[in-house]
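Could you slot chain X onto chain S? The hints should help.
Protein sequences, first through last, are from chains S and X.
When you number the first sequence by our numbering, it's gap-free, plus one each residue, and the end is 797.
When you number the second sequence by our numbering, it's gap-free, plus one each residue, and the end is 350.
For the record, the hints were derived by calculation from the structure and aren't laboratory data.
As the structure is a computational prediction, the values presented were derived from the model and not from experiment.
It cannot be assumed that every hint is accurate.
As the list claims (entries may be wrong) - Pairwise CB distance ranges (calculated): (1) X:Glu-112 / S:Ala-447: 51 to 57 Å; (2) X:Glu-113 / S:Cys-563: 18 to 24 Å; (3) X:Ser-177 / S:His-646: 50 to 56 Å.
Don't be surprised by glycine CBs; every beta carbon is placed ideally from N, CA and C.
In case you want the letters, here they are:
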Amino acid sequence: MRYLSDFRDAAACAALAERIRRLAHGAGEMQFMEFCGGHTHAIARHGLRSLLPENVRLVSGPGCPVCVSSQGDVDRAVALAGRDGVTVVTFGDMMQVPGSEGSLQEARALGADVRVVYSPADALRLAVDCPGRQVVFLGVGFETTAPAVAATVLQAQRQGITNYSVLSLHKLTPPAMRAVLDAGEVRLDGVIGPGHVSTVIGAGAWRFLPEEHGLGCAVAGFEPADLLLAVAELVRMVVEGRPEVANCYRRSVSDGGNSRALAVMEQAFQVVDADWRGLGVVPASGLHFRPELADLDAGARLALPKLESREPAGCRCGEVLRGVLEPSQCPLFGSACTPESPVGPCMVSTEGACSAHYLLREAG
Amino acid sequence: MLRSLPAEGSGVSERIRLAHGSGGELSRRLVHEVFLRYLLDPELARLEDSAVLSADGLDGACGALAFTTDSYVVSPLEFPGGDIGKLAVCGTVNDLAAAGARPLWMAAGWILEEGLPLDTLERLVRSMAEWSAAAGIRVVTGDTKVVPQGLADGAYVNTSGVGWVPQGRCLGRQRVRSGDRVLVSGCLGDHGVAVMLARQGISMSAHLVSDVAPLHGLVQSLFDAEVDVRWLRDATRGGLGSVLCELAQGANYGIEVEEQSLPVRAEVSGAAELLGLDPLFIANEGKMVVVVPPEDAAAALGAWNSHPLGRDAAVVGRVTEKHPGRVVSLTPYGTSRIVHLPAGELLPRIC
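Just chain S, same shape as in the assembly (with noise of 0.2 Å):
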């Protein structure tokens, strides 16, 4: 708890917002992309924007797991809550997000069995209590949750429970920054790199970007800390003209990662292209399970339809994601699409941008 305290210091964050005036002073406009959600959220939560100098601008990107799965993936996942027998086990972020027909959340009032949990453990449980009836996971998230995942897949095979899988719909991170920087619609001069992320990855998994795109990154935890030491650092490297990858989370992550997680994950998947919300389809950016382990696979067990699927009409989402629109850009903000009533995921999610910028906006 002790953590909490520490990097919620408020002498330490004025300390280190000086330091990035001081750093920034006369340096022109820079840009930095916090990529996750959680970040998002949190600089939001604390008001970190109004610390920053104004030449200093952070903007969202698609780090947000509930936000950039697609338009189809939730109308599966729809589906397959109203079929008889089948009970569909999720994160609470997923319950609000809008389908073509509608969302979880409605689905469950209809009558569906579709159940919140805080840990895919709890879905695999719910299989064993349940005999007669097909547990389905939704697996989405990034590479934080996918090896828990794993671990429920895994477990199920060792134990013959027949009655558990899993729709995989997670994504990979690295794919999608690079994604964002070979659209080349947002201009960035460097990253916040996830700190969840990146402690099973590794802060070793974003040398691409100095490597390859001339891009800095700061790896970041979620308190007000750590996020403006890491946009300091960003400021630094833009300054000093030599982008490279600062580890600013260093009691989370490693350079390599956490490598029983990584086991793990490559145990149960293999890594396959992806269709992410704002996007389109990322090669070699999403998680579907080893053949060995097609049993499990919710999409194959139970014979999942190609379905057809509508984007909300007037929803901006995907320009959101790509950090290509401010949410206050949007014309639904605030008026059509609100977190009582969303349009469109990013408004759902607590992670999600406009729900961040909505619920969380500074007061006047």
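Frame of chain S, contents of chain X only:
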């Protein structure tokens, strides 16, 4: 118009969702756009914890009756620090206390699910008896119904309570003024996190138990200290944040909360971080919120701090003319943000 509810006569197949019961924005709209739309009584429209009904002239009595009702649907039925029997008593007592009333009588209607072990029920009813005796409220009428298995979560309890408000005692949002101070009687979120963890079978800390407790004595300590109590509220479902948003909504003042002054246990803070929840919006069952004039804040804090249930009480904010209708959180970093009612259920985040 509330999108998720049927328009009158339209037959649209929108349904009630769990989020409508969460104490957040959807709950607020459900109350305003359905219940208050048809049930027009001005006393109901005040939306306080109890209705305060004038008893002046009734058999020569003076003062008022406070009348309240609530339902309890907690899962699991028994949790660290309490159970549904204790919860029903304390909830009723606290709703009456929030009206400045002395709790007198209550009714308890039990809805039992087929298959509930009789000894479980006996423990719950014994707990109700013990806590009603301790709080000085008599259970004077009741009812029992049994529903088939699968139609209830073990047991639900609905209670009604009646209390007595002494003559001349007047609380209400109409008395709140700019410059008033906001106090909370103790640490936030203990109940919500204890129950959430019990539901998941997680034991994070032996110290983390529900705060469920009868607060009439705590409230009385304010009157004994001659504090001019402007407004009181029992911060239950929806937490302190919802209570303050409700107070500010539609008013021509705002409320500023000092983030650093919010009393939150390290265990709750840690669990909230882990689950992606904001302690401001986590449920309590033993916390009172009071608004007092600035000159009475020290007396109110002193009265609470010397009461066993108010040791962690703190002044957490002030009523202000700035940003009318809004609650604003002031961070330790000199920044500020608008506090917004949560849209739906409190749900764990994904990573």
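Going through the hints against the structure:
1. Range check, Glu-112 (chain X) to Ala-447 (chain S): about 56 Å between beta-carbon atoms, so the 51 to 57 Å window is met.
2. Against the hinted window of 18 to 24 Å, the Cβ-Cβ separation of Glu-113 (chain X) and Cys-563 (chain S) comes to about 19 Å, which satisfies the hint.
3. With their beta carbons about 53 Å apart, Ser-177 (chain X) and His-646 (chain S) fall inside the hinted range of 50 to 56 Å.
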